[in-house]
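Heads up: the sequence lines are chains V and Y, in that order.
Under the working numbering, the first residue of the first sequence is numbered 1124, with each subsequent residue one higher.
Under the working numbering, the first residue of the second sequence is numbered 242, with each subsequent residue one higher.
Careful: at least some of the hints might be erroneous.
As the list claims (entries may be wrong) - Sample of chain V residues with no beta-carbon within 10 Å of chain Y, all distances over it, derived:
{"hint": "1", "residue": "1131"}
{"hint": "2", "residue": "1135"}
{"hint": "3", "residue": "1140"}
{"hint": "4", "residue": "1142"}
{"hint": "5", "residue": "1165"}
{"hint": "6", "residue": "1193"}
{"hint": "7", "residue": "1194"}
{"hint": "8", "residue": "1200"}
{"hint": "9", "residue": "1217"}
To be verified - No more than 20 Å apart at the CA atoms, straight line, and that leaves these computed lysine to aspartate or glutamate pairs for DMTMM-like:
{"hint": "10", "chain 1": "Y", "residue 1": "244", "chain 2": "V", "residue 2": "1182"}
{"hint": "11", "chain 1": "V", "residue 1": "1137", "chain 2": "V", "residue 2": "1182"}
{"hint": "12", "chain 1": "V", "residue 1": "1167", "chain 2": "Y", "residue 2": "267"}
No lab work stands behind these hints, which were simulated from the structure alone.
Just so you know, even glycine gets a beta-carbon here, dropped at the ideal spot from N, CA and C.
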Amino acid sequence: NAGVTQTPKFRILKIGQSMTLQCTQDMNHNYMYWYRQDPGMGLKLIYYSVGAGITDKGEVPNGYNVSRSTTEDFPLRLELAAPSQTSVYFCASSYSPRINTEAFFGQGTRLTVV
Amino acid sequence: AQKITQTQPGMFVQEKEAVTLDCTYDTSDPSYGLFWYKQPSSGEMIFLIYQGSYDQQNATEGRYSLNFQKARKSANLVISASQLGDSAMYFCAMSSSNNAGNMLTFGGGTRLMVKP
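So that you can see chain V by itself, here it is in the shape it has in the complex:
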């Protein structure tokens, strides 16, 4: 059972570099999310998607872009990395928008921008 898979697990970027954090799920979930977790803090929503071709901003979208060309994949793009984007990034998915639906999380990507 793969669930939600994120790659890479760790990455160090230089200021101004770009990268894509990959996220794929094999549960046929329509709803997918990207969160970031700053040191010692809770998670904050960056972007979310309610299905292929549909994405929208969350609480902290600045500096990021997303796309959703398939149900399975929801990549997060950082165009010009900044030290403030040093964080742990979690991708999650759920099968329903209902409030009682559990979100399934990936293992996280630890990103350091230097």
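Please arrange chain Y on chain V, whose structure you already have, making use of the hints.
Quick look at chain Y alone, frame taken from chain V:
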């Protein structure tokens, strides 16, 4: 806007004792859900327990129970018979009735340390 507050940054508990982790919330939504997640040192997010705002009974899952007091807007997690493996960060989170997806608002977390 929704807000989750966890006022205990860190807590110690003796092995085999019970511990309560506090969570208070603020929302104007009439319908909402409350979740607790565990994050061990390895970093993954593990779902523990869920409570719906209209649920009549407090949720229980094995050694985990949720002390839900709607009027006080609190949803405290109770772990009975603590084990060394319970040492981790614990996050309280809220979902709201939003057809745009089951997005979660998280608290800042509580680090629980179980002493042998």
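Hints, verified against the model:
1. 1131: 14 Å, holds
2. 1135: 17 Å, holds
3. 1140: Answer for residue 1140/V: holds, closest chain Y Cβ roughly 23 Å.
4. 1142: Non-interface label stands for residue 1142/V: nearest chain Y Cβ at 19 Å, farther than 10 Å.
5. 1165: 3 Å, violated
6. 1193: Residue 1193/V clear of chain Y: closest Cβ-Cβ about 17 Å, beyond 10 Å.
7. 1194: Given that every Cβ of chain Y is farther than 10 Å from that of residue 1194/V, nearest at about 14 Å, it holds.
8. 1200: Label holds. Min Cβ-Cβ 20 Å, cutoff 10 Å.
9. 1217: 5 Å, violated
10. 244/Y x 1182/V: 12 Å, holds
11. 1137/V x 1182/V: 25 Å, violated
12. 1167/V x 267/Y: Between residue 1167/V and residue 267/Y the Cα gap is close to 16 Å, so the pair holds against 20 Å.
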